[in-house]
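Undergrad: As they're listed, the protein sequences go chains R and G.
Heads up, the first sequence is in this note's numbering, so the first residue is 15 and it goes up one at a time.
Heads up, the second sequence is in this note's numbering, so the first residue is 7 and it goes up one at a time.
Take every hint as true, because none was put in to throw you off.
Partial selection, computed: residues in chain G whose CB lies under 8 Å from chain R:
(1) Asn-10
(2) Asp-101
(3) Phe-116
(4) Lys-131
(5) Ile-509
In silico BS3-like pairs for lysine-lysine, Cα to Cα no more than 27 Å straight-line:
(6) G:Lys-60 / R:Lys-385
(7) G:Lys-131 / R:Lys-385
(8) G:Lys-545 / R:Lys-123
(9) G:Lys-459 / G:Lys-60
(10) R:Lys-383 / G:Lys-68
Per label pair, the in silico range of CB-to-CB distance:
(11) G:Thr-405 / R:Tyr-360: 31 to 39 Å
(12) G:Glu-384 / R:Val-361: 51 to 59 Å
(13) R:Leu-364 / G:Gly-135: 20 to 28 Å
(14) G:Leu-305 / R:Asn-16: 54 to 62 Å
None of these hints come from the bench; they were simulated from the model.
Even for Gly, the Cβ is constructed at its ideal location relative to N, Cα and C.
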Amino acid sequence: MNSIFFLQHYWWFLVSLLGALLVFLLFVQGGQSLLFTIGKTEGQRKMLLASTGRKWEFTFTTLVTFGGAFFASFPLFYSTSFGGAYWVWILILLCFVLQAVSYEYEAKKGNLLGTKTYRVFLLLNGILGPVLIGAAVGTFFNGAEFFVRKNQLTDTMMPVISSWATPWHGLEAVLVIWNVFLGLAIFFLARILGLLYFVNNIYDDEIQKRSRKRLIPETICFLVFFLTFLVHWLIQDGFAVDPTTKIVSLEAYKYFNNLIEMPALLIVLLIGVVGVLYGILKTILVSDWKKGIWFSGTGAVLTVLVVLLCAGWNNTAYYPSVADLQSSLTIENSSSSLYTLRAMAYVSFLIPFVLAYIYYAWRALDLHKIKTDVEY
Amino acid sequence: MIDNISSSLIDWSRAQFALTAIYHWLFVPLTLGLGFIQAIMESIYVKTGNEFWKKTAQFWMKLFGINFAIGIATGLILEFEFGTNWSNYSWFVGDIFGAPLAIEGILAFFMEATFIAIMFFGWQKVSKGFHLTATWLTIAGATISAFWILVANAWMQYPAGMHFNPDTVRNEMESFWAVALSPVALNKFFHAVFSGWIIGGMFVVGVASWFLLKKRETKFALESIKIASIFGLIACGLSVWTGDGSAYQVAQKQPMKLAAMEGLYEGGKGVGLVGVGLLNPNKEKYNDGQDPFLFKIELPKMLSFLAERDLDGYVPGITNLIEGGYQTRDGGVALSATEKIARGHAAVQALTNYREALKAKSDAVIAKDNAIKAADDEALQQANDAFQQANDTLQQAQTALDKDFQYFGYGYLKDPSDLIPPVGLTFYAFRIMIILGGFLLALFAVTTFFSFKNKFENKAWLQWICLISIFLSVIAGQTGWIVAEVGRQPWAIQDILPASAAISNLSASSVQLTFFIFLVLFTILLIAELKIMCNAIKKGPQIVEQ
Chain R
15 MNSIFFLQHY
25 WWFLVSLLGA
35 LLVFLLFVQG
45 GQSLLFTIGK
55 TEGQRKMLLA
65 STGRKWEFTF
75 TTLVTFGGAF
85 FASFPLFYST
95 SFGGAYWVWI
105 LILLCFVLQA
115 VSYEYEAKKG
125 NLLGTKTYRV
135 FLLLNGILGP
145 VLIGAAVGTF
155 FNGAEFFVRK
165 NQLTDTMMPV
175 ISSWATPWHG
185 LEAVLVIWNV
195 FLGLAIFFLA
205 RILGLLYFVN
215 NIYDDEIQKR
225 SRKRLIPETI
235 CFLVFFLTFL
245 VHWLIQDGFA
255 VDPTTKIVSL
265 EAYKYFNNLI
275 EMPALLIVLL
285 IGVVGVLYGI
295 LKTILVSDWK
305 KGIWFSGTGA
315 VLTVLVVLLC
325 AGWNNTAYYP
335 SVADLQSSLT
345 IENSSSSLYT
355 LRAMAYVSFL
365 IPFVLAYIYY
375 AWRALDLHKI
385 KTDVEY
Chain G
7 MIDNISSSLI
17 DWSRAQFALT
27 AIYHWLFVPL
37 TLGLGFIQAI
47 MESIYVKTGN
57 EFWKKTAQFW
67 MKLFGINFAI
77 GIATGLILEF
87 EFGTNWSNYS
97 WFVGDIFGAP
107 LAIEGILAFF
117 MEATFIAIMF
127 FGWQKVSKGF
137 HLTATWLTIA
147 GATISAFWIL
157 VANAWMQYPA
167 GMHFNPDTVR
177 NEMESFWAVA
187 LSPVALNKFF
197 HAVFSGWIIG
207 GMFVVGVASW
217 FLLKKRETKF
227 ALESIKIASI
237 FGLIACGLSV
247 WTGDGSAYQV
257 AQKQPMKLAA
267 MEGLYEGGKG
277 VGLVGVGLLN
287 PNKEKYNDGQ
297 DPFLFKIELP
307 KMLSFLAERD
317 LDGYVPGITN
327 LIEGGYQTRD
337 GGVALSATEK
347 IARGHAAVQA
357 LTNYREALKA
367 KSDAVIAKDN
377 AIKAADDEAL
387 QQANDAFQQA
397 NDTLQQAQTA
407 LDKDFQYFGY
417 GYLKDPSDLI
427 PPVGLTFYAF
437 RIMIILGGFL
447 LALFAVTTFF
457 SFKNKFENKA
467 WLQWICLISI
477 FLSVIAGQTG
487 WIVAEVGRQP
497 WAIQDILPAS
507 AAISNLSASS
517 VQLTFFIFLV
527 LFTILLIAEL
537 KIMCNAIKKG
547 PQIVEQ
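Using the sequences and the hints, build the whole thing.
TA: Okay, here's the thing in structure tokens:
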């Protein structure tokens, strides 16, 4: 606990874990995006909303905690990316604001905008949330357009340390096809997880049947985008940091090399991918099997965890700047101080306790599955 | 990229943060206060087994849920705005400020998110005891959340437990406990939470009064009023106590804010507290010779007593703070604003020198390596000299920085008058908060008396006052925050970083656009919330009374 090297890696692990859990919990968004596809009648839509409506706060809270943990452990990322890629983050925030009120308001009398509007809000959040988050994470591998100049603080006329190099403030990320591919891969993964969650959580024959059937086209789309992204990720040049000089440079096959040099991560990645596919395929093939969400969900967490760890560990710049390579952020140059990382590490020991009560509360609610006579 | 930070960007960034904070604080206090009250009601249900209390608690929980959702929505924006709109701030103090936000997420938000689901959807699914625990844990989560965000806010008003590291160009935490348990943080937490309890109490008394005016749900209304009145009365008492503590802390740590709160330009010993007063709109500068007041009624010597715990204590006014020269508490002589600005410039210059020396030192190390490789003795000697010179400069710069860092933020200011916050807004907001706070204390005393004497039901005039007072309690809370936040301008972090240097490098038009997006969105959602809440209230708890 006294080594900043260890703590920087530990905190990158925690931030990656939170990011991975967030992707799993995007099953709520995936479910929302399927509201009008799976729910053909009002009764069915109510069941779908009741199902994800009891879990949306976990996703939301994980997003907020992900932001808070990133701020505490790697504040230079918080200041550079949020203040620079302004429009991407504002769009993400806006679509989550819409979600926060929609579950509570959509069915309430006097809700001003009408039930349908709030459901469209949920649909928008369901589509834009995963796509934008995925595209933003894509910049971890494909770079973003920023400068970091710490000496700028001494210029009293313009003391801002981090600046964005384009007037688009983050929107230019969608012009990079690989960011879009990751965004769409996350989107279809969220939809798959949403379907698997419906299968697990809603005891209604029609929804069960429709969800299982819908898994096939969603899985095909997911595999197209995910595998293309994955193959490109393995063969692309990555952003390496020289551990002695701290100079950032492009390295061929960097992320592939990271997996080879950290074989445990390679094994976890393979387990994760197999878990995702096993959960999907068995749900499609075995008509009364409902546990797909747990296999695919765990698989998704493991896969995303490894991908994010490869972004920051093993002398890699996790937030590379394509405008100025030496402005790139690494877990070393962007982290909090030893004191703060250590103090926060003590706080992080409470996380297992938090996970335990979430599990307990989740089980207590999910012992009663959503049925036709749902109260919502 | 922008070469200069425009005042327009600073103003719109301030406006956007103020907008989000004001909207957020419309909903949070109700969560804190109503949550506590409904938990008390559910506790009575679990203890007595009386279904009446279950229905009563469920009704208030329904309103709690409607309010809670929009509080979360605005809170999300608030947290991320530190990054999106105050990016320099986020780096400069992220090492300290990020920690409370992360702890808030880990400890508080998950507690709220987990147990609120049980609270709303678990009535038929978990045992009575588990449900009650979930209700209490939900409000505990909300309160813990308030604690950590107020720790963060208090640290901005009174930065403690950190040092500046010129190598990383930021402040770094030295003592977690100095940050978390600073007297400003503790006072701020309790004062803000108790003000939330007052609003929650007033909301319950006001809504219940509406039922009495409509001659509906009488037993439900009267019992709710009893609990909320006692709760509100206690909260008011505690709020007076912590408010006094807050004012004392302001006097010690932020004397300019106190001077603005009082419209006090010329301080002195035995200064009176302005009870009511009308500021002179013609006063434009602190030294223009205009009387700051058209009229005022003072409580003699009270400001000195509140600020210094001494009827004859010295309280500096705005002019004194700008011109300096008065004797400080520790026996020294106060610096003038001009001197502070000069020392701020010296601190910024020392940082510049430090950074240049750091670069020179690093270059010298490379030159040394090259000279050794080339076996060039002359070059090696030159490199050694350069290294030594850079090292000396580094140490001198460090010493200069240590000496003047406490005035670092002043280095970004141009004119002493930049140090004066908007006096009118701070002064009137403070008066409104105090007057409404006093009124609410009296009102809760009256409602407690009449409700426990069983004489509330037929007092329509009192019921109307209670109904209207819901809005007054909200205004009291809002004006309190205006005093706290407007009164500390121009500082993002007191003395260390002004808002103008804390900003993100964006175009003013971008922030202007997001300001209006948020304004429209929050306003629509607020109207929707109020309509839904009014409908839910009209529907009532639907308790069949025996």
